[in-house]
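**Q** What follows is the residue order along each chain.
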Amino acid sequence: MSGIEQYIPGATAVGVVFKDGVVLAAEKRLALGNFIMSKGAKKVFPITEYTGAACAGMIADMQVLVRNVQAIIKMREMELHRPIKPNSVTKLMSVIMFERRMYPLLTQVILGGVGDEASIYVLDPLGSVIPDKYAVIGSGSEIAIGVIESEYKEDMDEKAAKELALKAIKASSQRDSASGDGVDMLVITKQGGREESIVL
Amino acid sequence: MFAPQAGYDRALTIFSPDGRLYQVEYAIETVRRGTLAIGIKCKEGVVLCAEERVRKLQTEGLSQKLFQVDEHIGIAAAGYVPDARIMVDQARVQAQNNRLVYDEPIEVEGIARKLGDMAQQYTQYAGVRPFGVSLIIAGVDNEVPAIFVTDPSGTYLGYDAIAIGGGSDQVNEYLEQKYDIGMSLEQAIALAVESVKKAGEEKAEPKHIKVATIDIKTKKMKQVPDDVVEGYLKASSGEAKPT
Numbered sequence: 371m372s373g374i375e376q377y378i379p380g381a382t383a384v385g386v387v388f389k390d391g392v393v394l395a396a397e398k399r400l401a402l403g404n405f406i407m408s409k410g411a412k413k414v415f416p417i418t419e420y421t422g423a424a425c426a427g428m429i430a431d432m433q434v435l436v437r438n439v440q441a442i443i444k445m446r447e448m449e450l451h452r453p454i455k456p457n458s459v460t461k462l463m464s465v466i467m468f469e470r471r472m473y474p475l476l477t478q479v480i481l482g483g484v485g486d487e488a489s490i491y492v493l494d495p496l497g498s499v500i501p502d503k504y505a506v507i508g509s510g511s512e513i514a515i516g517v518i519e520s521e522y523k524e525d526m527d528e529k530a531a532k533e534l535a536l537k538a539i540k541a542s543s544q545r546d547s548a549s550g551d552g553v554d555m556l557v558i559t560k561q562g563g564r565e566e567s568i569v570l
Numbered sequence: 012m013f014a015p016q017a018g019y020d021r022a023l024t025i026f027s028p029d030g031r032l033y034q035v036e037y038a039i040e041t042v043r044r045g046t047l048a049i050g051i052k053c054k055e056g057v058v059l060c061a062e063e064r065v066r067k068l069q070t071e072g073l074s075q076k077l078f079q080v081d082e083h084i085g086i087a088a089a090g091y092v093p094d095a096r097i098m099v100d101q102a103r104v105q106a107q108n109n110r111l112v113y114d115e116p117i118e119v120e121g122i123a124r125k126l127g128d129m130a131q132q133y134t135q136y137a138g139v140r141p142f143g144v145s146l147i148i149a150g151v152d153n154e155v156p157a158i159f160v161t162d163p164s165g166t167y168l169g170y171d172a173i174a175i176g177g178g179s180d181q182v183n184e185y186l187e188q189k190y191d192i193g194m195s196l197e198q199a200i201a202l203a204v205e206s207v208k209k210a211g212e213e214k215a216e217p218k219h220i221k222v223a224t225i226d227i228k229t230k231k232m233k234q235v236p237d238d239v240v241e242g243y244l245k246a247s248s249g250e251a252k253p254t
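Protein chains in written order, with the working numbering: chain H, 371 to 570; chain W, 12 to 254.
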């Protein structure tokens, strides 16, 4: 075996916008080739009180990226005396990724949060930014997107959005060998972010 | 004036034994000897106004003392105006950089802080002199009007209405009496034009007064045409109503 999956773990991560917030969710498996390195990897990251991200790809790269973005955004919050909106956090992350395009951070990101409104964005390793109402990334994304696309409705409530995200990740955990071992979830509303962990 | 202690007012900006930076104080004096600039905030937006000395045969055109920094932010300068251009260049770069990195227009205070930091650096580096200008930075942050003033020391402060440059003491006193946040933009322009006349040693002529506004609704800086300024001037001397 000599495929890229030996070095870059697979994953499934989803983001869903609902009426008053966003749900970000990812499963917890870290698999290098056929070996499961960890059943407790964390691929969902709170960034500020009102923004967070879920990733697929190199977890080290994502941890470094999130720490960098967190540090810069914290300084900006102190300068502006207000929370920073998701579009700003996304653009900053995009700039950092684009600056490193010759030596890229090998991670796909769904970044979401609540500013004037709830929104999510998808970033690729080179820093392109695509806004959306729902998004799926990772090796299990083909399975998860089928579930989300068939059941997503605008103006869902929090409960329905969480159930949909969970259902999508459960589906990909069944059929993608690189995904599984439980789900981490981050729900962000105007009241702030809340993390949960679900055992499958 | 003050009698500086020998050696503490030369090229290097260093503290005198009584804790003063003479070069910075001289730079602030340059501002006092410059022509007047005014910024006024009201509920509908902000007004920037600058008094300029225009020679008779000088071609008219863009103001030397009013600058646009971004769509929603403008600057009025008093003092040594070429220095203002250098600071405005930096402000423009900062404004565009903020859009590129953070996907949102920069706040007025962001520009003030950047220019304040820049001015401060020039009070500390060796081989440089402080900037000889004060700047009124006015604009609209997300429908909220804001005005800040920087000076050669690097201090920046927020104001509702402020005048800098020659005659600013009288004008600030006048503004303190007349200021009302509930004014319309037209009333604020009228107050600015009237204020220029209060300070004026020479007869105030429309060619000498440049005015720009930023409306909180459009969030765009707009120059007020000379003939409209003339209308306000005439109205303030009781000749006619402003158009």
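Hints in this document: simulated from the structure, not taken from any laboratory. A couple of the hints might just be wrong.
Stated by the list, open to error - Straight-line distance between alpha carbons at most 30 Å, and here's what the computed DSSO-like set of lysine-lysine pairs gives:
id	chain 1	residue 1	chain 2	residue 2
1	W	K228	H	K560
2	H	K560	W	K230
3	H	K503	H	K389
4	H	K540	H	K444
5	H	K389	W	K228
6	W	K208	W	K245
7	W	K67	W	K189
8	W	K228	W	K67
9	W	K230	W	K54
10	H	K532	H	K409
11	W	K54	H	K560
12	W	K230	W	K67
13	H	K444	H	K537
14	W	K230	H	K444
15	W	K67	W	K54
Stated by the list, open to error - Under 10 Å between C-beta atoms, here's a sample of chain W residues computed to sit facing chain H:
id	residue
16	V112
17	D114
18	E115
19	E118
20	E120
21	R124
22	A137
23	Y185
24	I227
25	K231
In this text the structure is predicted, and so the values were computed from the model without any measurement. Where is the CB? At the ideal position from N, CA and C, for every residue including glycine.
**Q** Now tell me if each hint is right for this structure.
**A** Hint check results:
no.	hint	verdict
1	W:K228 x H:K560	holds, 26 Å
2	H:K560 x W:K230	holds, 27 Å
3	H:K503 x H:K389	holds, 11 Å
4	H:K540 x H:K444	violated, 35 Å
5	H:K389 x W:K228	holds, 28 Å
6	W:K208 x W:K245	holds, 11 Å
7	W:K67 x W:K189	violated, 33 Å
8	W:K228 x W:K67	violated, 37 Å
9	W:K230 x W:K54	holds, 13 Å
10	H:K532 x H:K409	holds, 22 Å
11	W:K54 x H:K560	holds, 29 Å
12	W:K230 x W:K67	violated, 35 Å
13	H:K444 x H:K537	violated, 34 Å
14	W:K230 x H:K444	holds, 28 Å
15	W:K67 x W:K54	violated, 37 Å
16	V112	holds, 5 Å
17	D114	holds, 4 Å
18	E115	holds, 6 Å
19	E118	holds, 6 Å
20	E120	holds, 8 Å
21	R124	holds, 7 Å
22	A137	violated, 29 Å
23	Y185	violated, 32 Å
24	I227	violated, 17 Å
25	K231	violated, 21 Å
Checked against the numbered hints given earlier, the structure breaks hints 4, 7, 8, 12, 13, 15, 22, 23, 24, 25 and satisfies all the rest.
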